[in-house]
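Student: If you want the building blocks of each chain, they are given just below.
2 protein chains.
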Amino acid sequence: MLKVILIGTGNISKFLFDVLNAHPSVNLVQVVGRNKQALEYFAKFTPVSRNFEKLMEADIYILAINDSAISEVAHQLDINKGMLVHTAGSVSMEALPAKLRRGVLYPLQSLSGSIPEKIREIPLCVEASSEEDYQLLEKLAYCISNRVEHINSEERRQLHLAAVFANNFSNHMFCLASEICKDHGVPFDLLRPLIRESCNKIMQLTPHEAQTGPARRGDQETIDEHLEMLKESRLQKIYSTLSESIQTTYGKEL
Amino acid sequence: MLKVILIGTGNISKFLFDVLNAHPSVNLVQVVGRNKQALEYFAKFTPVSRNFEKLMEADIYILAINDSAISEVAHQLDINKGMLVHTAGSVSMEALPAKLRRGVLYPLQSLSGSIPEKIREIPLCVEASSEEDYQLLEKLAYCISNRVEHINSEERRQLHLAAVFANNFSNHMFCLASEICKDHGVPFDLLRPLIRESCNKIMQLTPHEAQTGPARRGDQETIDEHLEMLKESRLQKIYSTLSESIQTTYGKEL
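Keeping their order, the protein sequence lines are chains B and C. Just so we're aligned, residue 2 is where the first sequence starts under the working numbering, counting upward by one. Just so we're aligned, residue 2 is where the second sequence starts under the working numbering, counting upward by one.
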C-alpha cells in the first residue's frame, strides 16, 4: 500500500482525494489544510489536521496548494522519510527544498469542482529528483490515470503556456461569441453544436488541418464586413489580430 | 413529396444531398453544377445537369454555392413557380431576385467533407419572404434536423460573426497551442483531453462561468512569465490582447 498525505483542500486536492480514496493500492493517511470548513469534505473518510508542523508518516506528500505559496509552505514542512511533490503546471520542481526527495505530479486538466468525464485519460505529467522516486511516483500516477508522461520542469512550463491558449483563450472566444449573441437577441445555445463539432474534429485532425473561416479562405470582404459590425474597439482589435495571425499561419499556402 | 433541386456541388450541397436523398418525403429531382467531376458524386442517384438555363420543375431550389456568387447566379436562373433559397450565413435574403419567392436555409455548422456526428441537432436558420413559404421551407428543414429556428437576415449575419469567434478563432487558439508544443518538443496530443473537457463544460455552463486561467484569476505574475516565454511578437500580442480582454470581462468582479 502506498501511504499518501494530501496537503491543501482545493479542487486538485479534492479530485486526487476522490480518485485515490477509492483505490485499493493507496492508503490516504491524512489530509492537512488551513481551512476548517474545507477539511470537513475529507474528514468523513480520513484523519484531517490543521497542524502543518506535525505531519504523519507517508511515502508521498502531495502539496496541492496555490502556485505562489508552494515554495514557502514546502520549506516549512517537517518531512523525514517520504517524498514531497507539488501539482502545479508552471512551478519548477526546484521550488521544493533541495534536501528532500522531490517530485511533480501535474494533472493536465482544468479542475473546477465537477469531476471530468474521462478521468483515466487525463494526462499526468510526472517528474522526480531520482530514478527510484520517479518509479514510486509513477506507480501512484497510474492509480489515477492511464496516461502518465515523463515531463521535465521546462517542458511542463511550456505545456502550461500552451494550455492557456488551448483552454483559457479558446473559452474566451466562446465568451465573446456569447456576448455578440446577447447583444443581438439570438440564443448562444445555437452555437453549441458547432463548438462540439469543432472539438470533435480536433480529436482526430491537427488544428492546422481543421482551420476554416474567412481568414483561412482569405475572404477579405467578409473580414471587412465583420470588422464594421463590431462596434466595440476591444472586439475589433481581437478580430483583426487573430485574422492576421491566421493569415500569417496559412499565408504561404494561399 | 417535396420536389427539391440542388444548385452547386460543394460541401453544403453534398451534405444536403446525403440527408435529403435518404428522406421519404423528399424527391431530389435534379442537381445542377458547373463542375463535371463534382457532379459524378450525385449522378449515381439523381439526374444531374450543367445547364443553368433549363432547370427542371421543383417546389424548392436550393442555391448552395460560394457567398460571393449567390446574387449573380440567382439573377440568371429561370424559375417560374418554385421558391429559391440560399444557404449562406452572411448573405441577406435580399441578395436573391425580388420577383421570386425567396428564402434562406442556413445550417449553423462547419461542413468540411466528413459528415458531422449528430446531424439532427445542427441548428437550421430559416427565413422566407412570406408566411406560406416559411412553412414550406420549415417542412423541408425538419427533414434535415430537429432544430429549426426562425432567424432573420440581420440575426443570421450576427450569428455568423459569433460563429467566427466560437469556431474559427477558438480553433486558431488550438493551433497556436500546437505551435508552442512543437517548438518545445512536447506532444500536442497531451492537450486533447483538456480541449475535450473544456468543450464538454460549454455544453452545460455559460462560457462566462467556465472561464479559468491566469487572466481570470488576475495572476499577473504568471501572465508576465508567459509573455516572457513567448519569443514571437505575434504570440505576445495575442496573449496580452486576450488576457486584457478577459480581465475587462471579469474586471468588475475581481
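Simulated from the structure, these hints should not be mistaken for lab results. Check the hints yourself; a few may be wrong.
In silico lysine-lysine, BS3-like type, Cα no more than 25 Å apart, as pairs [to be verified]:
no., chain 1, residue 1, chain 2, residue 2
1, B, 183, B, 119
2, C, 37, B, 232
3, C, 119, C, 15
4, C, 55, C, 37
5, B, 238, C, 238
6, B, 238, C, 37
7, B, 119, C, 119
8, B, 55, B, 45
A short list of chain C residues far from chain B (calculated; beta carbon distances all over 10 Å) [to be verified]:
no., residue
9, 140
10, 155
11, 199
12, 214
13, 235
14, 249
Sample of chain C residues facing chain B (criterion: CB under 7 Å; computed from the structure) [as the list claims (entries may be wrong)]:
no., residue
15, 50
16, 53
17, 93
18, 96
19, 98
20, 200
21, 206
22, 213
23, 228
These figures come from a predicted structure and were not determined experimentally. Quick reminder that beta carbons are idealized off the backbone N, C-alpha and C, glycines included.
Student: Which numbered conditions among the earlier hints are violated in the structure presented, ordered from lowest to highest?
Tutor: Per hint list: 1, 2, 6, 10, 11, 12, 13, 14, 15, 16, 17, 18, 19, 21 and 23 violated.
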